[in-house]
Amino acid sequence: MEKKKKQSKQGISKEQQQYLQSIKREKIFIRITQVLLFLLAIVSWEAAARHNIIDTFLTSSPGAIFELIIGFIKDGSLFKHLYVSTTETVVGFLVGTIVGLLAAVVLWWFEKLARIMDPYMVILNSLPKTALAPIIILWAGMGFSGIVVTAASISVVVTTMTLYTGFVNVEKDKIILLRTLGGNKFQVLKKVIIPANLPNIMSVIKVNIGLSWIGVIVGEFLVSKAGIGYLILYGSQTFKLDLVMMGVFVLGIVAALMYFLAAWLEKKVIKY
Amino acid sequence: MYICELKNISKRFHTINNETKAIEDLSFKVKKGEIVSIVGPSGSGKSTVLALIAGLEKPSGGELIVNTDSIGFMFQKDQLYEWRNVYKNCLLGLEVKKMDSQENKEKVLGMLDRYGLTNFKNHYPSQLSGGMRQRAALVRTLAIEPDLLLLDEPFSALDYQTRLAIGDEVGTILRNEKISTILVTHDIPEAVSISDRVIVFTERPAKIKKEYEIKFDECPGERTPMKCRNTLAFGEYFRNIWRDLDGKEKETIETRYF
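One line per chain: the protein sequences are Y and S, in this order.
Residues are numbered in my numbering as their position in the first sequence, beginning at 1, plus a constant of 319.
Residues are numbered in my numbering as their position in the second sequence, beginning at 1, plus a constant of 1074.
If you're looking for bench data, these hints aren't it; they were derived computationally from the structure.
The reader is advised that the hints may include incorrect statements.
Here are the simulated EDC-like cross-link-like pairs (lysine to aspartate or glutamate), alpha carbons at most 20 Å apart as the crow flies [said to hold, decoys possible]:
no.: 1; chain 1: Y; residue 1: Lys504; chain 2: S; residue 2: Asp1233
no.: 2; chain 1: Y; residue 1: Lys493; chain 2: S; residue 2: Glu1251
no.: 3; chain 1: Y; residue 1: Lys590; chain 2: S; residue 2: Glu1156
no.: 4; chain 1: S; residue 1: Lys1106; chain 2: S; residue 2: Asp1318
no.: 5; chain 1: S; residue 1: Lys1181; chain 2: S; residue 2: Glu1251
no.: 6; chain 1: Y; residue 1: Lys504; chain 2: Y; residue 2: Glu490
no.: 7; chain 1: Y; residue 1: Lys509; chain 2: S; residue 2: Glu1169
no.: 8; chain 1: Y; residue 1: Lys491; chain 2: S; residue 2: Glu1251
Anything over 12 Å on all C-beta distances counts as not near chain S; from chain Y, calculated [unchecked claim]:
no.: 9; residue: Val362
no.: 10; residue: Thr375
no.: 11; residue: Phe385
no.: 12; residue: Phe391
no.: 13; residue: Lys399
no.: 14; residue: Thr406
no.: 15; residue: Leu432
no.: 16; residue: Pro438
no.: 17; residue: Asp492
no.: 18; residue: Ile495
no.: 19; residue: Gln556
no.: 20; residue: Met564
Computed from a prediction, not measured in an experiment: that's the story for all the values here.
Note that the Cβ used here is the ideal one computed from N, Cα and C, for glycine as well.
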């Protein structure tokens, strides 16, 4: 084993070098194509707008959106709206994920409860939660709290179901092993169930970020005085498509950033 | 004197459709430091015996005396936790029993060294070969210094060569450290080469069909499983046990081949 390691560090054969190079070349090719594809879309959109091939009243144009963004950055209002929406999303995401995780733990701990709750979970899970948003906002408040609860409600049930399934499917012998070593139920939870489900938890986190954004945007469509969802709705009602497009663009960037943060966290947490 | 005694033990399993008698009126004892193998047909309740002794199942009848609360259990699969590195896996038992003192941790490091795993102690199980994984599982099991070791076909997931090598290693370790052991296996040569005594089970419900004291007089010096395999007595034990399992008293292995 060790000999092999030394070998590969000292002298790499020509074939191996070529192989590594070909992999590198392919990676670069893919990255360049990705960037070109984006630029192509932007440039042709802008060109079509300038030559009146498309109606900018309906489609806006990259230049107009860019100008608008600069304006919004200069007067600081972009950050105000971003701050409102991001805070709602992060809080909604945390509430949904943590409550969902705790519920999954409770269901795992009390097996009978899980069996009793099963049909309700299935119905709640298949129900489109956005249909509940108007009710939730009436109950939880016409503002921050209502939007946060809407965001959390979208991710909480699917989190519970996914994690509970993961908990139940941990290999029996792994649990028996801990019990033969004298472990109690809490130790089984802490040393087997949760760590065995870390990959599961991380993928739930990634999905929940997206789900929370859906909840926040829907919530902001219904009640809000600020936020990206507010900007989009306001823009569409006043036929300012530049504003709508800017909202969507900024939303895409922020959501992607949060996703990459989660992916980075996943790499840090799961090393095996 | 005895680490474990089974007196008229029976065990039934219940499902909605029926009741299965896994074990009926089973009695045997294991001396301290003795290595006992149980062989028997598939589904004859061998693993159930281990589950009873480990306290994972309750017997339906009879009396079970286990004179220790420090039991090590090894499974067919190594059951290393893939999210822990080798060293952390080996500390699992000590952690659970809250015995993870500096002194005990150093003992574990010493064992890893003895079993050739020092260079891999920070590796994750997915990076190890099957043989190394099973050795790591052995260190994890021995780390809590069990008085009684229960092995449930611990080598059967390994390829043949590794299986012989690991069986030889583990058998030698058990003998040197005088650890009371009950080994459940399908593999007659493995049972004979490792054990002091082989118990042959009947079909379900499990009863004792025969018992063999295994002695190798022609084996000079330290007894290792590999040396045992090269003796004449080994072949004799093998033939007898094979005949017991085969169930056909007259039609011996010879008549089949000639």
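Results for each hint:
1. Restraint check for Y/Lys504 and S/Asp1233: not satisfied, since their Cα atoms lie roughly 35 Å apart, outside the 20 Å limit.
2. Restraint check for Y/Lys493 and S/Glu1251: not satisfied, since their Cα atoms lie roughly 27 Å apart, outside the 20 Å limit.
3. Restraint check for Y/Lys590 and S/Glu1156: the C-alpha separation of about 10 Å stays at or below 20 Å, so the hint holds.
4. A threshold of 20 Å between alpha carbons decides the hint, and for S/Lys1106 with S/Asp1318 the separation of about 27 Å lies outside it, so the pair is violated.
5. Simply put, S/Lys1181 and S/Glu1251 have alpha-carbon atoms about 14 Å apart, close enough for the 20 Å limit, and the pair holds.
6. Annotation: proposed proximity of Y/Lys504 to Y/Glu490 holds, straight-line Cα distance about 15 Å (limit 20 Å).
7. For the proposed pair Y/Lys509 and S/Glu1169, the alpha carbon gap of about 12 Å is at most 20 Å, so the pair holds.
8. Distance restraint check for Y/Lys491 and S/Glu1251: the Cα-Cα separation of roughly 30 Å exceeds the 20 Å cut-off, and the hinted pair is therefore not satisfied.
9. Under the 12 Å C-beta cut-off, the non-interface status given to Y/Val362 relative to chain S holds; the minimum distance is some 47 Å.
10. At the 12 Å boundary, the C-beta of Y/Thr375 stays outside the reach of chain S, the nearest C-beta of that chain being 54 Å off.
11. Even its closest Cβ contact with chain S, about 46 Å, leaves Y/Phe385 beyond 12 Å, as expected for a residue assigned away from the interface.
12. Every C-beta of chain S lies more than 12 Å from that of Y/Phe391, the closest at about 45 Å, which supports listing it as non-interface.
13. With a least beta-carbon separation of about 42 Å from chain S, Y/Lys399 lies farther than 12 Å from that chain, consistent with its non-interface assignment.
14. The Cβ of Y/Thr406 lies farther than 12 Å from every Cβ of chain S, with a closest approach of about 33 Å, so its non-interface assignment holds.
15. Even its closest Cβ contact with chain S, about 22 Å, leaves Y/Leu432 beyond 12 Å, as expected for a residue assigned away from the interface.
16. At roughly 21 Å from the closest C-beta of chain S, the C-beta of Y/Pro438 stays outside 12 Å, upholding its exclusion from the interface.
17. Listed as a non-interface residue, Y/Asp492 fails to keep its Cβ farther than 12 Å from every Cβ of chain S; the least gap is roughly 5 Å.
18. The Cβ of Y/Ile495 does not lie farther than 12 Å from every Cβ of chain S; its closest approach is about 6 Å, which violates its non-interface assignment.
19. With a cut of 12 Å on Cβ distances, Y/Gln556 stays outside the contact zone with chain S, its closest approach being about 51 Å.
20. Non-interface status of Y/Met564 relative to chain S is upheld: no Cβ of that chain comes within 12 Å, the nearest being about 44 Å off.
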